[in-house]
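Below are the chains, spelled out letter by letter.
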Amino acid sequence: MKSVLPVLTVVGTILLFWLVAVVPMNMHLVADQAQRDGLSVTPETPVERQEYSGIGLSLRNLHLVPLTYDFVRPRLPAPQQVAGEMYKTVFEKKITSKRSLVYHGWVTLAPTLLGFFIGTGLGILLAVGIVYSRVMDRSVMPWAIVSQTIPILALAPMVIVVLGSMGIQGLFPKSLIAAYLSFFPVVVGMVKGLRAPDGMQLDLLRTYHASPAQGFWALRLPASVPYLFASLKIGISASLIGTIVAELPTGAKAGFGARMLVGDQYGQPLVSWAALFAAALTAAALVGLFSVVERVTLRRMGMRTA
Amino acid sequence: DGHANSVTLQLQWVTQAQFAGYYVALDKGFYEEEGLDVTVLAGGPDIAPPQVLAGGGADAMLNWMPSALAAREKGLPVVNIAQPFKTSGLMLTCWKDTGITGPQDFKGKTIGVWFFGNEYPFLSWMSQEGISTDGGDDGVTVLKQGFNVDPLLQREADCISTMTYNEYGQVLDAGVNPDELVTFKYEEQGVATLEDGIYVLEDNLKDPVFEDKMVRFVRASMKGWKYAEENAEEAANIVLDNDETGAQTEAAQVRMMGEIAKLTAGSNGALVEADFQRTVDTLLAGGSDPVISKQPEGAWTSVITDKALN
Amino acid sequence: MIWAIAAVLIWALGWWVNVRLANGPVSDLPAVKVLIPAIFGLTVVVIWELLVVGFEVNPVILPAPSAIVERLFSEGPRLWADFHQTIIKGAMTGYVIGGLAALGIAVLADRSDFLTRGILPVGSFMAALPIVGIAPIFVKWFGSDWESKAAVVAVMVFFPILVNTVAGLRDTSVMQRDLMRTYGAGYWPTLFKLRLPAAMPFMFNGLKIATTLALIGAIVAEFFGSPTVGMGFRISTSFGQLALDMVWAEIVIAALAGSAFYGLMTLIEKRVTFWHPSQR
Amino acid sequence: MSSDKSVISARNLNLTFETNDGPIHALKDVNLEINQGDFVSFIGPSGCGKTTFLRVMADLEQPTGGSVTVNGVSPEEARRSRAYGYVFQAAGLYPWRTIGGNIRLPLEIMGISKAEQAKRVERVLELVDLEGFERKFPWQLSGGMQQRASIARALSFDADILLMDEPFGALDEIVRDHLNEQLLKLWARTEKTIAFVTHSIPEAVYLSTKIVVMSPRPGRITDVIESPFPKERPLDIRDSAEFLEIAHRVREGLRAGHLDE
Amino acid sequence: MSSDKSVISARNLNLTFETNDGPIHALKDVNLEINQGDFVSFIGPSGCGKTTFLRVMADLEQPTGGSVTVNGVSPEEARRSRAYGYVFQAAGLYPWRTIGGNIRLPLEIMGISKAEQAKRVERVLELVDLEGFERKFPWQLSGGMQQRASIARALSFDADILLMDEPFGALDEIVRDHLNEQLLKLWARTEKTIAFVTHSIPEAVYLSTKIVVMSPRPGRITDVIESPFPKERPLDIRDSAEFLEIAHRVREGLRAGHLDE
Ligand SMILES: Nc1ncnc2c1ncn2[C@@H]1O[C@H](COP(=O)(O)OP(=O)(O)OP(=O)(O)O)[C@@H](O)[C@H]1O
Ligand SMILES: Nc1ncnc2c1ncn2[C@@H]1O[C@H](COP(=O)(O)OP(=O)(O)OP(=O)(O)O)[C@@H](O)[C@H]1O
Ligand SMILES: Cc1ncc(C[n+]2csc(CCO)c2C)c(N)n1
Ligand SMILES: [Mg+2]
Ligand SMILES: [Mg+2]
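Chains as they are written, first to last, in my numbering: chain A, 21 to 326; chain B, 609 to 918; chain C, 20 to 299; chain D, 13 to 273; chain E, 13 to 273.
Residues on chain C that point at chain E, a partial pick, calculated with CB under 8 angstroms:
{"no.": "1", "residue": "198"}
{"no.": "2", "residue": "201"}
{"no.": "3", "residue": "203"}
{"no.": "4", "residue": "212"}
For the record, the hints were derived by calculation from the structure and aren't laboratory data.
We put the beta carbon where it would ideally sit given N, CA and C, even for glycine.
Please construct the entire structure, taking both the sequences and the accompanying hints into account.
Shown next as structure tokens:
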């Protein structure tokens, strides 16, 4: 709660900057259009105008400034345009309509969640393997890092074709890409977490002659919970990005990714921008949700959170 | 059974009126009348229809012939079984004020081109004109064009690739007057290559069950196309219904359908050998880095259309 | 079937060798630390080759490793040009810009709790903007050449470096800070003599995460517009031409470059944060 | 005070750590007998091997030479049969378990029934004066209380041997005095054998039947001092001449060890 | 021993921390005079406000009532004029700086010339017996050596006042004795004024000209004991009857504080 005012301040600053930037970013296009509409523009030809920067051109054509805020096909839409589009597509459409962002949000969210569960599950299993087996640690960990250097957008179509050839379509291929992006932070975090117990805590169990399984349930797992939550928060937004990436090679049918693409393709920047912001808001909401669960869980476990 | 009557078609782009014939056939029950259960898979960036075909994800695909012939040379034996598009819709759209009046003026200019297997017609054309594509004052600087017309609007490029039915309209939608532009239709430049054709894997054709399925599929699809040509507005709305993104607009799709109708108008679905040969010749003339190296054999067949259209 | 059996056998063999190496007395030698993952990787590659050949997988779906290696050698100059365009020009420039910006903002944010509270949530919101959404916008803004790729990379690496640096700048104990107070030290001495050195281990965490993001960002952004050179351009174009061996050759380069970049940062980290317990 | 039954016996014990800066001789030729019911303190400058010695007895460290037996068997067997309770320098309670949960931990691991667990927890909490804190989390207790909880944890499964590594190191003198008294009472009552590491000379003298003075580089035993005090020891004995004399002897032993360096 | 010039003077000092569990009265009505050349020890159970009091003098904590002056001015002015050196309980050396670099830190901040820095570092390293360790990093030294380095750091800029918060808390008795001796020598030689927090009764008695006994909840001064020993104090005075008597008085004072709770 203490963060509300600071966040508003920062958001306000960004909005202000954005509002100012709208003018030079769109001025060239606006000037071209104004000329067609018979307004006076200096300099007079588009080719000459190319010589000027957006700011320079704006200063020379102050009377065109208002037009930059209400341009149909802006390079940088004004904030109120994006907000308007979002309002229209979130609140003014039935959520079952394919013109509703809520509908597309769900289309993206479902594979995100499935992929997140797969990725988290795999990540935890892998982390347990790495912590308990030296061979896994030594041979798999470096490759887990390498896996993250592979551009996913290059891999995605192949994965989807291979899965398609096995008759698997729909939700699952997207989830797999989402899982691929979310497993890594979970592995890294959980390896750290499972190794968090110090020598003394481990020695204590040794003096009790506890079995490895008992050590896992009584010590390593609970000790890793704070790390797990940190990973989950990174993992869920990675998962969402994975789904959106995967929406392109699965035939951009629906979902935030498809909206972004199609908006771009058919000259409707507002559609793209609204989808972009909606995606980021969804991620923020998911991360916020995990923060709440984290706080409750840690409190229940008696671990204080800062 | 399912195998004998189910068809999956892979499109080469997202749902739009470019594919109206198939959606109309689906919606109007033309496929059903043939006893077919058809699934239409939308395409998009990052989807290579030949690969989907190779992977068994689809029974038939739409493709531009240069891309399909290149795939053949890569060892993926795809065969054209029908050619609903008679005319090419591809063109270059340039700003008139750049001073471009003919292909030779491209020298020293920046041109946006689609890649992803769609660059072959352009490369062949430039090769025929003797213009290098490596930039410099005597060549053109090629940009890999994204999926929008912004490089032109923002004058990052002097010319971009457009389809008569889509991107060109978008340039106009952006407020540009046609008289600000110069266009070069590949068709008019004599370098037209065949666009949206229906392709299947060669091996599959040996299976009489599959062949029969395709005959019915092509027949119904062509019925769809002809219906779409005559009922452009309705067809556009059918496309809109099938667009799951909800981002397409009726105006754009109606206009697109109108333009598409011009490209399909001359075709009953059967491939005209001369068109095929012209495409091959254009590609073979591709200069130092030809798209295909030799006259393709068995790259098309009239068997299906012969049976489908009696 | 025989191929599948061979694959299983080779897997078992590789695993067995690694078990011996990892649990044996030599396991802590630096050479062995490299050898174990290498054997693991080699096993995977051999099995891949066996399965592709054995099951006659169509090369337009999955090429054999041998074909990829052949491409790596035969297309050397082109791969180098792509690497130069995407990694050196795009990714590196973006990495440096994003890193410096993050550092600057982190130092700024650290001046007041208020700013930190404001910047971190907004920053994490921006980090959640998917790359496939921002890449087309940046191509629109900065043109098709490497500048737009650098911009995408800068935005992608910004947040992890920012968060880690902010956390690092705060990772000073009360005692360490009080010590500076007892010297009557002002803001700048405290920053340069205490906060920044203390922040280094954290900063490198961020810098390491950012390495892989930088490569991915530069490559993926090329999918949305580029000149006719670059790793992302080549990947998407070759993919469209079904030249999957070339696609994989670029992927291999990306993985090599990414791992090398990561390794380099680890090395610098070792040098700079030699004093941190994790490095001793 | 102590019977003659040997509980721990070390013979020519050696332990060398291999480190990057070369080997460290943490224990050299250590010989020691601890009998049933003994309270043995280990005292010596930092790094003289006190902790290492205790850890060897607990099978947390492997000697590189010589032998130890605990209850006549190897430390490993002793550990497996849960022959001892170990108290670490810091309380080391698991923060996600309540005080009761922490004390129950060894009992759960040893597979003791729920009912029995509850009984034992109650008993040891009483023993260390922490009745009523069963449901609190560690951070809700002061350092001294946490340390008592960790002692309770070591007592809960009623091993005959207690190994304690500077359990009161972090506490202030008054609390420490109090816990010393309590520990002595417990020891007198239960007849356990206790090995106890400390840095404090008065503490060592006050508590022990036997004081083992150690010296570093290499870690070795330089003196073993038997204490003449009876099992019941009021705090005032610390002002007695006898006490001061023993303390003086310990101090001299320690100083000698320091001068060696 | 001490001149009559007042260096630190606290009048009706109060400090209350506002916490989630309500206010904590860390200092209540504290009055104290420390004169030039005094060696004042603060002793008392955990939480009685020793650290808080020292931090108030150092302007690291703001009193909520009453006033303190240091050298006649406010603590803040004193801090800005670098009037005191502060030694924390843990050495708190910056791990990325060598021992020499750590000692140089305050000198750099105060803008002292390189040549002078080098001279001073050499001198204080000698003072604390760490010649030759200038280029080592903190973790390459034992705890006792680190603590000495931190004292050297506080001495390097030659402030007249030394504030030391349990500087020897983590050390073993022998090392502690040694450092005590050294500190006394330094004090005798330099005539600094020293405020020294400790938990150890013998340490307080051995070092001080004045022992301030404190008691918690609320933190307050319960007794101020003047020590009759001369500035030069061999370690043996700790066996003298006078010493034991003072120690006894301190212990009684402490116990009384504990009983209050
Ligand atoms: N795991 C280890 N690896 C290397 N050296 C070690 C290890 N554990 C202890 N040592 C070294 O062995 C010596 C004895 O250490 P030990 O912890 O037993 O001393 P100690 O008497 O308990 O000291 P302290 O009073 O400081 O706790 C020291 O020099 C220490 O540095
Ligand atoms: N920053 C703070 N916020 C809230 N309470 C505090 C703070 N600092 C100290 N206290 C409380 O003030 C009281 C006095 O603390 P102080 O640290 O001065 O005690 P001390 O005598 O130094 O104890 P110790 O011997 O344990 O160091 C304690 O109850 C402590 O919990
Ligand atoms: C990645 C990719 N880029 C370009 C095309 C070429 N293309 C063929 S049809 C069509 C639609 C025109 O409105 C376009 C753009 C493609 N198929 N895939
Ligand atoms: Mg120890
Ligand atoms: Mg204190």
